[in-house]
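Asks: Line by line, the protein sequences are chains R and L. Going by numbering that gives the first Met the number 0, the first sequence opens with residue 0, and the numbers climb by one from there. Going by numbering that gives the first Met the number 0, the second sequence opens with residue 0, and the numbers climb by one from there.
Hints may be right or wrong, so weigh each one.
Identical copies carry no separate label here, and so any pair may be met within one copy or between two of them.
Unchecked claim - Dumping the calculated BS3-like pairs for lysine-lysine here, alpha-carbon to alpha-carbon at most 27 Å:
1. K211 - K442
2. K404 - K242
3. K442 - K228
4. K442 - K505
5. K374 - K505
6. K283 - K505
7. K442 - K374
8. K228 - K404
In short, the hints are calculated from the structure, not lab data. Since the structure is predicted, the reported quantities are computational estimates derived from the model, not experimental observations.
Number of protein chains: 2
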Amino acid sequence: MPEIIGHNYIGGARSAAGHITLHSHDATRGEALPYTFTQATLEEVDAAALAAAAAYPTFRNLPASRRAEFLEAIASQLDALDDEFVALVTRETALPSGRIQGERGRTSGQMRLFAQVLRRGDFYGARIDRALPARQPLPRVDIRQYRIGVGPVAVFGASNFPLAFSTAGGDTAAALAAGCPVVFKAHSGHMATAERVANAILRAAEQTDMPKGVFNMIYGAGVGEALVKHPAIQAVGFTGSLKGGRALCDMAAARPQPIPVFAEMSSINPVLVLPEALHLRGEKIASELVASVVQGCGQFCTNPGLVIGMHSPAFSAFVEHLAAHMAEQPGQVMLNAGTYRSYSNGVQALLSHPGIHRLAGQDQPGNHAQPQLFKADASLLLRGDPLLQEEVFGPTTIVVEVADKAQLRQVLNSLHGQLTATLIGEAQDLQEHGELLALLEQKVGRVLFNGYPTGVEVCDAMVHGGPYPATSDARGTSVGSLAIERFLRPVCYQNCPDALLPEALKDANPLGIARLVDGNSQREALA
Amino acid sequence: MPEIIGHNYIGGARSAAGHITLHSHDATRGEALPYTFTQATLEEVDAAALAAAAAYPTFRNLPASRRAEFLEAIASQLDALDDEFVALVTRETALPSGRIQGERGRTSGQMRLFAQVLRRGDFYGARIDRALPARQPLPRVDIRQYRIGVGPVAVFGASNFPLAFSTAGGDTAAALAAGCPVVFKAHSGHMATAERVANAILRAAEQTDMPKGVFNMIYGAGVGEALVKHPAIQAVGFTGSLKGGRALCDMAAARPQPIPVFAEMSSINPVLVLPEALHLRGEKIASELVASVVQGCGQFCTNPGLVIGMHSPAFSAFVEHLAAHMAEQPGQVMLNAGTYRSYSNGVQALLSHPGIHRLAGQDQPGNHAQPQLFKADASLLLRGDPLLQEEVFGPTTIVVEVADKAQLRQVLNSLHGQLTATLIGEAQDLQEHGELLALLEQKVGRVLFNGYPTGVEVCDAMVHGGPYPATSDARGTSVGSLAIERFLRPVCYQNCPDALLPEALKDANPLGIARLVDGNSQREALA
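Only chain R is shown next, with the shape it has when bound in the complex:
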């Protein structure tokens, strides 16, 4: 296994011009790992963005099949990362090796899904309106449209998925698929992991003869601002905190040329437990829900942070089961000291709130995050108490009991935007509360039925997004193949000779893709 040298990745080469060095840590023991990373200088940030810009004209114009080969080569390189790699990730994040192995497969699978999208060709959004020379009062000229990558994309990965939402994660995969070179800001929580993954991407880039600068990575604490403000950067993908994401949005909006930021930030993922389901299987739901809350130490964007039910003996019994199960859950080590500190502060804030009381959970010993169950008065939600709208990242959830259907509606109306909402109910429940569905749809990106929001399938139909503050732009998703659309823009050709048209728009349809021709979807060549 090659040495980890901690130099920045710029235009296919390594660079360490700066003097500020950083260290990665053993998440469980807290000790520094024996690797040194050199923070990028402002000149290196500039060079990385310019390297991406230099790669853009070539990369975006490659046949989509070539970009698909690149993504598949990355996937193979990721799959080939061995047990030593898994041990390294485990050491940096305290996530168990089984989870990392699974995440490795998820990350390579994500690359392969985007390769399929590229081969399928619907991402082109090809549209052709043929000339109508005899139209009255004016003839129509031939007009054709397809989509191209917007330009270099800056990506900020998340701590909680060191593979699937990081260096070679969904944002990187979507941007590369769209034809956008990437400058990745390595996450401070897993810099050694980031280096191994960046090496895998570069090996794939070399194998498939991609332009240098197609993928760049910089280390450092303050480098994100310079990156987002760099004129070559045309869009930003981010997964992390509301504070961090909003700061990037504000910077991007204040640029001479504003650029879009797709930040996935904060969600408390309400779960509604409905009466008949509680009556029939309340204890089972309680045990499943607790498992979802504590899974991966609660370090998921889709962790269920709010459980809402209507006043009834069945709900009271359910809450007792919840408390009993939660009390049995062991403490776990979190991703890093900062995450643990945030969690402790969040729990402390809930403990000191007079309208919130703890139903289960212990004070934090050492660096182990203790699972917690709280109960809050519905009036807090109705009054818009910020503590109930803010994500406490970790194994904590808050129960809210509402008086009746009317109050349930009010409470849901008072919620901010969310990644997910979940309905747990029997057929009868769902029929009775069907009108809630329209309301939830306005609040979230994904509505689940009789399941738990942790676990986000990577597929065509997934939406991992939602209204603010869940994300900065509800029109995007950061998981699933629709994620590519964030990094594409339409271009149209008017009266263009066939020979000069991009393949996707030529009369002969050499790519064999579906196109909207004069308002009808078809794959035929044009006469």
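Chain R is already provided as a structure; the job is to place chain L on it using the hints.
Replies: Then chain L, alone, in the frame of chain R:
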């Protein structure tokens, strides 16, 4: 014809709570017209936004066919606006009646195009990934995605298209099609026109039984800020100046919940004239180009403001023809006194620039905008002189002569984002300069060949958009059916009982729309 009362339109009723009154003017004579408009108070802005929010849950959930009927009813109402209406628009804008008649047809046609889109159903973006219960290592649950309207949309119309880009214009049509109620800020340049058109929309809303508040309109100078900042507003459509558009973007980005703004702002629409074409038909091109520059007094977003050619005797002759044709063009009355003032100031700035000289054109007499032809040194573009990047709204264009192919490339690289770029060339020219196409594609939303950018076809394949500052978001278009996508966001359903799914996602596919099922596009019902 009903009286013009100048009250705001809020939730299907009229309201004039304020004390600030406004007047519309005869654009040719400058005199105030005998109508009084009452500026909306802050309370009325609030009421209008809340009326739109109240209409949203019902309106967005109507079957798309119902929204299509609404748009078609608006189209019929627009077509029925009579000669007296045309005379009124002509009076407020100084645009000739033939143009207004044509624009009326374009505006109703636009409504009908969106009705077709709603019936076609591709706007739903329906995607279904069916459950894979036997998948290893984990089963996949059923996941389905479609798109819904983002919520109430604020629309700011343009002065230069009092119908097609105003009250019932493209942004309004796209928002209503998407299921988003609209609050329209009436343009101060044609408030009486706006009232007649708003009445037409409300008649259509009543005929087709739309919820009250589906369309609202407010008058006033300072009301836009309150509207964009209103928490109920979820997106903004704007056509106008760079300064005005950027101000709205900044406000929207600074909201507690930032919202997207689609502002179509500033473009100088470069036209490249290539050698062989100049050799064969230089004089004809000069005459056509001048016609495009002065058409509608140059008051088009796509007016060609920059003509670029390579040094040669043929180019010199072409520029002489341009100058001769331009000198023959009469002055015209502009849309309003403010537009004329801006034009005069823009022309004055060009006249006082030492690196720019006038080839044709006279000083402005009275309120008539005189067509102008300037020549600027290529070095100004290369140095990034702002005067050459800024749109002078009116019948003016600037010729730039470049030394050779290499300088042509440099000049194009130095351009900001544009709505359009045009190549005028013979087959041989286009072959020789084919590599420019990739460069232009990165700069613009629409590339034209052997045509002129004025005239924007309303169709599926049109892109009226482009990189900043042409628009605030290159991923959108404000003309053509793709404009609906700006106001839609994806929502997904996980493991949802068929009965609760929206029609677009039900197994039986009752709408008969094309859907991406397990990665394949199909219209079949699911077993």
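Asks: Up to 27 Å between alpha-carbons, please classify K442 paired with K228: within, between, both or neither.
Replies: between (31 Å within a copy, 20 Å between copies)
Asks: Under a CA distance limit of 27 Å, which applies to K211 and K442: within one copy, between copies, both, or neither?
Replies: between (42 Å within a copy, 23 Å between copies)
Asks: Between the shortest in-copy and the shortest cross-copy C-alpha distance, which are at most 27 Å for K442 and K505: within, between, both, or neither?
Replies: between (42 Å within a copy, 22 Å between copies)
Asks: Is it within, between, both, or neither for K442 and K374, if the alpha carbons may be no more than 27 Å apart?
Replies: within (22 Å within a copy, 55 Å between copies)
Asks: Indicate which option fits the pair K283, K505 if close means a Cα-Cα distance not exceeding 27 Å: within, between, both or neither.
Replies: neither (58 Å within a copy, 29 Å between copies)
Asks: Given a CA cutoff of 27 Å, do K228 and K404 count as a within-copy pair, a between-copy pair, both, or neither?
Replies: neither (48 Å within a copy, 32 Å between copies)
Asks: Classify it for me, K404 with K242: is the Cα-Cα distance of at most 27 Å met within a copy, between copies, both or neither?
Replies: neither (34 Å within a copy, 49 Å between copies)
Asks: For K374 vs K505, is the C-alpha pair at or below 27 Å within one copy, between two copies, both, or neither?
Replies: Neither. Shortest intra-copy (62 Å) and inter-copy (38 Å) distances fail the 27 Å Cα cut-off.
Of the numbered hints listed earlier, those contradicted by the structure are 2, 5, 6 and 8.
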